[in-house]
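Novice: Residue strings, one per chain:
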Amino acid sequence: MTAALKIENLEKVYSNGLRALKGIDLEVNEGDFFALLGKNGAGKSTAIGIISSLVNKTSGTVKIFNVDIDQNFPLAKSYIGIVPQEINFSVFETPMQIVMNQAGYYGINSQIARERAQRYLKQLGLWEKRNDISRELSGGMKRRLMIARALVHRPRLLILDEPTAGVDIEIRRSMWEFISRINRQGTTIILTTHYLEEAESLCRNVAIIDDGNVIENTSTRELLSRLQREIYVLDLQQPLAKLPEFNRGKWKLVDSTTLEVDISKEQGINGIFSQLNDNLIRVQSMRNKSNRLEQLFLDMIDSSADRKEEVL
Amino acid sequence: MKWSQIWVAYLTIVRKEITRFTRIWQQTLIPPVITTSLYFVIFGNLIGPRIGDMEGYRYMDFIVPGLILMSVITNSYANVSSSFFSSKFQRSIEEIQVSPTPSSVILLGYVTGGMARGLLVGVVVTIVSIFFSKLSVHNVFVMFSIILLTALLFALGGFTNGLFARKFDDVSIIPTFVLTPLTYLGGIFYSIKLLPEFWQGVSHVNPILYMINAFRYGFLGISDISLSTSYTIIIAFSVVLFLINLRLLNKGYGIRS
Chain R
1 MTAALKIENL
11 EKVYSNGLRA
21 LKGIDLEVNE
31 GDFFALLGKN
41 GAGKSTAIGI
51 ISSLVNKTSG
61 TVKIFNVDID
71 QNFPLAKSYI
81 GIVPQEINFS
91 VFETPMQIVM
101 NQAGYYGINS
111 QIARERAQRY
121 LKQLGLWEKR
131 NDISRELSGG
141 MKRRLMIARA
151 LVHRPRLLIL
161 DEPTAGVDIE
171 IRRSMWEFIS
181 RINRQGTTII
191 LTTHYLEEAE
201 SLCRNVAIID
211 DGNVIENTST
221 RELLSRLQRE
231 IYVLDLQQPL
241 AKLPEFNRGK
251 WKLVDSTTLE
261 VDISKEQGIN
271 GIFSQLNDNL
281 IRVQSMRNKS
291 NRLEQLFLDM
301 IDSSADRKEE
311 VL
Chain B
1001 MKWSQIWVAY
1011 LTIVRKEITR
1021 FTRIWQQTLI
1031 PPVITTSLYF
1041 VIFGNLIGPR
1051 IGDMEGYRYM
1061 DFIVPGLILM
1071 SVITNSYANV
1081 SSSFFSSKFQ
1091 RSIEEIQVSP
1101 TPSSVILLGY
1111 VTGGMARGLL
1121 VGVVVTIVSI
1131 FFSKLSVHNV
1141 FVMFSIILLT
1151 ALLFALGGFT
1161 NGLFARKFDD
1171 VSIIPTFVLT
1181 PLTYLGGIFY
1191 SIKLLPEFWQ
1201 GVSHVNPILY
1211 MINAFRYGFL
1221 GISDISLSTS
1231 YTIIIAFSVV
1241 LFLINLRLLN
1251 KGYGIRS
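Chain order of the listed sequences is R and B. So for the first sequence, the working numbering puts the first residue at 1; every next one is plus one. So for the second sequence, the working numbering puts the first residue at 1001; every next one is plus one.
To be clear, the hints were calculated from the coordinates, so they are not data collected in a lab. Quick reminder that beta carbons are idealized off the backbone N, C-alpha and C, glycines included. Careful: at least some of the hints might be erroneous.
Among chain R residues calculated to face chain B with C-beta under 7 Å, some are [claimed, not checked]:
no., residue
1, Ser52
2, Ser53
3, Asn56
4, Phe89
5, Gly104
6, Gln284
Below are the EDC-like pairs computed for lysine to aspartate or glutamate, each with C-alpha atoms no more than 16 Å apart in a straight line [unchecked claim]:
no., chain 1, residue 1, chain 2, residue 2
7, B, Lys1088, R, Glu86
8, B, Lys1251, R, Asp70
9, R, Lys122, R, Asp132
10, B, Lys1088, B, Glu1197
11, B, Lys1251, B, Asp1170
12, R, Lys39, R, Glu162
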């Protein structure tokens, strides 16, 4: 399978001496939906900046569909579409102008550009706003406009840097649906996000960057299988005065109608309910306390920090 | 990119630039016309008759070419420096950066946009000057070639300024402290033959002197400087600035971390 993106020993040292990337290796296969996770300042945006030519690399190689950016950056760039973290279009232009201009920078003639702009603006619910000044668009609309702009030259690799940050849940879900459809049509997608449920539900493979190093790079399924315990929150039908004696799992009475239970994977959920039934406790609803990937992510970041302290 | 695609990219930048300055015409096109009209009224109509003739021409007729060129210089420069800096500030320059558009095309696109504004303002100022002066044309080729080359040179200068600028103040420092004094001392309002020998020598260091004199030659057929020297200086400065800008752009100076 062709690698949509292949990064080898990529290093970035900024002029102030900050080593943002410490020789990372990363490979994303064509057609993949790939999550790039990490804390703020971990090096995700620097990596994306290098791939998209907004940041100069210090050393290492980057290949986009086997095209080395040092050999033929214009060709490599033509394969990529970028949706950046921050708004980066002229707020005095209209959505139509922004998308049309972007097509122009890729050498697409105005007739084709207009057709594509119309298609993507309609698909992303921006057609009615096409002639409005972009400054007047809502935050969600601005983000969708950047997606339309990134797609106008039909990139083979779409990089989304926190595309749903600050977007309400309804629009976020419609954006997920849209991005998934683009992926199903064959576009490789790299997503960075702070919403880990987004990564868990959308992405097939995950890499975690911490302090300039890739500390994990595997499939989402494999990563989730490593989760050994889960915490569930139970909303009770009737108030509970005191926590009964349970013999399996760690239980906690959060308030009179909310219970929390921490169980290992082997214990299973059935055991919880048999204990609840024995104590005549009726449950109204149940949910995970935190997203599973989020739990793993935090564990990994913590253990990475512990390892660093040991070395020091 | 194929040549046809490069051409589309170039036209896109030029169109975007022209759309930008025409959208804010109250800020870009009207002020230079008002300023130059005031020069015509004050220096031409009010003070000019008391000064008398200059190099055998009415004072008003003598200063018109310089005033037209001054408006071209300031507007070509200001358009590129402010537009490019705004693109950096708003980060909309990233739209072009992530695309395969070559650096030379980005440079030429912005410079053409700056030249378009400079020349448009020049045309409007020329039309206004007709109300104050009898415009004569001595050499059309010299007139057009000098105004085009001057617009090119200062648009390139504006691009350099835009690349180096880190805050809005940086965009106005060069026009205020370098460009305006050089323009005023470049022989718009006087012939350098009126100056003492020492100051005549000093004036020759000012590149704007060569442009104004060559442009005035196009209108009146008089110049303090030889035409070939003027062309050589303008073209040499343009080539040097073009190469500097291209090098900086390729390195990503001011736009890439």
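Novice: Look at each hint and say if it fits the structure.
Specialist: Here is how each hint holds up against the structure:
For R/Ser52, the suggested interface contact is upheld, since its CB lies about 5 Å from the closest CB of chain B, less than 7 Å. The beta carbon of R/Ser53 is positioned within 7 Å of a beta carbon in chain B (closest approach about 6 Å), and the interface hint is therefore held. Look at R/Asn56: its Cβ gets to within about 5 Å of chain B, closer than 7 Å, so that hint holds up. The restraint placing R/Phe89 at the interface with chain B holds, with a minimum CB-CB distance near 5 Å, inside the 7 Å limit.
Given hint, R/Gly104 at the interface with chain B, holds; its Cβ is 3 Å from that chain's nearest Cβ, closer than 7 Å. At a threshold of 7 Å, the smallest CB-CB gap from R/Gln284 to chain B is about 49 Å, leaving the interface hint violated. Between B/Lys1088 and R/Glu86 the CA atoms are separated by roughly 13 Å; this keeps the pair inside 16 Å, and the hint holds. Annotation: proposed proximity of B/Lys1251 to R/Asp70 holds, straight-line Cα distance about 13 Å (limit 16 Å).
Restraint check for R/Lys122 and R/Asp132: the C-alpha separation of about 15 Å stays at or below 16 Å, so the hint holds. Simply put, B/Lys1088 and B/Glu1197 have alpha-carbon atoms about 45 Å apart, too far for the 16 Å limit, and the pair is violated. Restraint check for B/Lys1251 and B/Asp1170: the C-alpha separation of about 21 Å exceeds 16 Å, so the hint is violated. Our distance criterion of 16 Å between C-alpha atoms is met by R/Lys39 and R/Glu162, whose separation comes to about 12 Å.
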